[in-house]
Amino acid sequence: ILLTVCMFCICCQQLKRNMPAYLAPWRASPCVFRSSKSELMPNLASDGVVCAPLQTFTEEETMLKNMVTKFAQERVAPLVQKMDENSKMEDSVIQGLFEQGLMSIALGEEYGGTGASFFSIILVVEELAKVDPAVALLCELQNTLTNKLFTTYGTEEQKRTYLPRVAKDTIGSFCLSEAGSGSDAFSLKTRAEKKGDYYIINGSKMWISLAEHAGIFFVMANTDPSLGYRGITCFIVDRDTEGLHVGKKEDKLGIRASSTCPVTFENVKVPETNILGQVGQGYKYAIGMLNTGRIGIAAQMLGLAQGCFDHTIPYTKERVQFGKSVFDFQGMQHQIAQVATQLEAARLLTYNAARLAETGRPFIKEASMAKYYTAEVATLTTSKCIEWMGGVGFTKNYPIEKYYRDCKIGTIYEGTSNIQLSTIAKSLAQEY
Amino acid sequence: MAGLRVLVGVKRVIDYAVKTQGVKHSLNPFCEIALEEGVRLRERGAAAEVVAVSVGTRVCQETLRTALALGADRGVLVEVGEGAAVGPREAAAALAGLAGRLRPHLVLLGKQAIDDDCNQTGQLLAAMLDWPQGTFASRVEPEGEWVRVQREVDGGLETLRLRLPAVLTADLRLNEPRYATLPNIMKAKKKPLEVVAASEFLGGGSPPAPPRLRVLKLEEPPPRGGGQRVDDVPALLERLRASGCI
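Residue numbers (the working numbering), protein chains in the order written: chain H, 1 to 432; chain Y, 1 to 246.
Fair warning: there could be bad hints in the mix.
[Unchecked claim] DEER-style ranges, computed between Cβ atoms:
id	chain 1	residue 1	chain 2	residue 2	range
1	H	Ser-92	Y	Glu-43	21 to 29 Å
2	H	Phe-322	Y	Glu-219	27 to 35 Å
3	Y	Arg-173	H	Ser-92	20 to 28 Å
4	H	Phe-322	Y	Glu-158	43 to 51 Å
5	H	Ala-179	Y	Glu-43	49 to 57 Å
6	H	Glu-318	Y	Gly-155	53 to 61 Å
7	H	Glu-250	Y	Arg-74	50 to 58 Å
8	H	Glu-318	Y	Gly-226	18 to 26 Å
9	H	Gln-338	Y	Lys-24	22 to 30 Å
10	Y	Lys-24	H	Gln-278	48 to 56 Å
11	H	Thr-359	Y	Gly-45	42 to 50 Å
12	Y	Asp-154	H	Ser-92	32 to 40 Å
Hint data in this document are derived by calculation from the structure and do not stem from the laboratory.
Computed from a predicted structure; not experimentally measured.
In this text, a Cβ means the ideal position worked out from N, Cα and C, and glycines have one as well.
Chain H with its partners taken away, still in its complex shape (with noise of 0.2 Å):
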């Protein structure tokens, strides 16, 4: 394949042609070819690393990936059952996260993180999610949201006030989607009216995660209707705000552990002080942050994934009928490859995708087809192995009917798999 390629740039150079955009992410091409379009050609130069497989890890990203694996092992795995069962995030669990740095990953040290890369986010996620898919999705949303969040568009004071606090002890928020608006998220509706140098908010929302637990919300709310979506303005709320109310958490099919609650707002006063970026640029955050989050939620369904996939081969090695174990059937053996091999792929899009946000690099379209792959190849994975497991995969003593609960939000939270199609198509027309 390298060889045709090589040959298609050089005719491509010769011909005088523009060379075709899907070539540009592929850093792995030792080609290089001079194309009038510099941003095509693969720079080495700040890269560092060329030509090596997606899996390569620098010496800290190993250190991390084993200490998380052991953690999870240690001090998660045991409560898992019980934390789905009451839907209830353990204390100790949220504590462990906070006193191994995995919640301020890559925030800067001089606010109490730890300085690592994007992509030891992503790993983190998926062996946290080979465990716990719910406990992931917390160390996930707070490192690719809350952390990002102040740390992109946060004034000194804010990032001075806020992120110790979220690098300690505090979990934030997200406040986007109402009852009314879901996929439709700039319809709305929830009102800031501006009063002197503070905000009134009044609104509701719905399917906040994390609020069960989160001292710091981000709430999206609309300074002015008449703007449409160009009104939506972020505002940091802390939770002991007067007006600001926590409902129950919802009763969930899935990721039960963590906390899914509507949030009201009555009167409820934010200094000016407290607006994240400018007034109106709310509905760009969101985008922007929505955007990178793609990818953690990627890793988590990737790591769910795996982990279900990981409980379920050695079953079907140890289970006997028909005088041999139920792996050494044939029919079975092409069902594990195939699943197998779509774990494989959905995991390189995953990887492909957090180095390219890493380097600065256009990851959109990579992002929004790492997250409906690795979502879709969750619930084809989780299913089969159910399947594979045969009457205990249906109980719920055994891990797996878990994971397959756990699997079916990847599809719709973060981004609907409808409207991940949507932009990577729209990426595509940009292309031609």
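Could you slot chain Y onto chain H? The hints should help.
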């Protein structure tokens, strides 16, 4: 005497808990406990510096990096040639040489490694240095120029008071090692890691003594056979006699 310098030996062993295609190596669990004790001593203010040492080939650097991520201040690799046998005698000799150079007040080792289960390095090292030893330690308390060590022995617990410098080996119940937190993993990169050639300590120029141990055979124990129930003691004795055991 606060401000002790603590030398901790860490060995790279095969990780039996992890089933992967390749063989995974990790830090010997007893060495991890020894390291945790050293780090806790420093956090209590009793020790000033914790130096992690490993004796082996260059790949042991990753073990030392893990030790740095777990809290050691700096690492030293005593590098041996590829294929060189490093048994307890060689390891103890290397550590003794390094101790002569670094002058630690306390050497903490794991009681044994999980690959060869020798339980010899600490004892040999103490003999080579002519230092007191406290093996199978389940509690360590520095007291000025002394260290009080509680040891787990067959009869129970024995408490010794040793004059520093001393060699201690850690047993399972000494402490529960921490996880490497993310900030420490990132800081580990910046901590100094020195590589020293083993030839400086072993034999001092002359070729090292040939290994005195040769592994003849390594095999798994035979699968457990079925058992037999007997009704009372006389029947048991009769069975034992019949099978030639007594």
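Each hint tested on the structure:
Range check, Ser-92 of chain H to Glu-43 of chain Y: Cβ separation about 22 Å, and the 21 to 29 Å hint holds. Taking the beta carbon of each, Phe-322 of chain H and Glu-219 of chain Y are about 33 Å apart, inside 27 to 35 Å as hinted. For Arg-173 of chain Y and Ser-92 of chain H, the Cβ-Cβ distance of about 22 Å falls inside the hinted range of 20 to 28 Å, so the restraint holds. Taking 43 to 51 Å as the suggested C-beta distance range, the pair Phe-322 of chain H and Glu-158 of chain Y does not conform, at roughly 59 Å.
Here the CB-CB span from Ala-179 of chain H to Glu-43 of chain Y is close to 51 Å, well matched to the stated 49 to 57 Å. Between Glu-318 of chain H and Gly-155 of chain Y, the C-beta spacing of about 43 Å breaks the proposed range 53 to 61 Å. About 52 Å separates the C-beta atoms of Glu-250 of chain H and Arg-74 of chain Y, a value consistent with the hinted range of 50 to 58 Å. Checked against the given bound of 18 to 26 Å, the beta carbons of Glu-318 of chain H and Gly-226 of chain Y, roughly 21 Å apart, stay inside it.
As the Cβ distance of Gln-338 of chain H to Lys-24 of chain Y is approximately 28 Å, the hint placing it in 22 to 30 Å holds. Hint check: Lys-24 of chain Y to Gln-278 of chain H, Cβ distance near 50 Å, so the stated range 48 to 56 Å holds. Under the hint 42 to 50 Å, the C-beta atoms of Thr-359 of chain H and Gly-45 of chain Y, about 44 Å apart, fit the expected range. About 37 Å separates the C-beta atoms of Asp-154 of chain Y and Ser-92 of chain H, a value consistent with the hinted range of 32 to 40 Å.
In summary, the numbered hints that this structure violates are 4 and 6.
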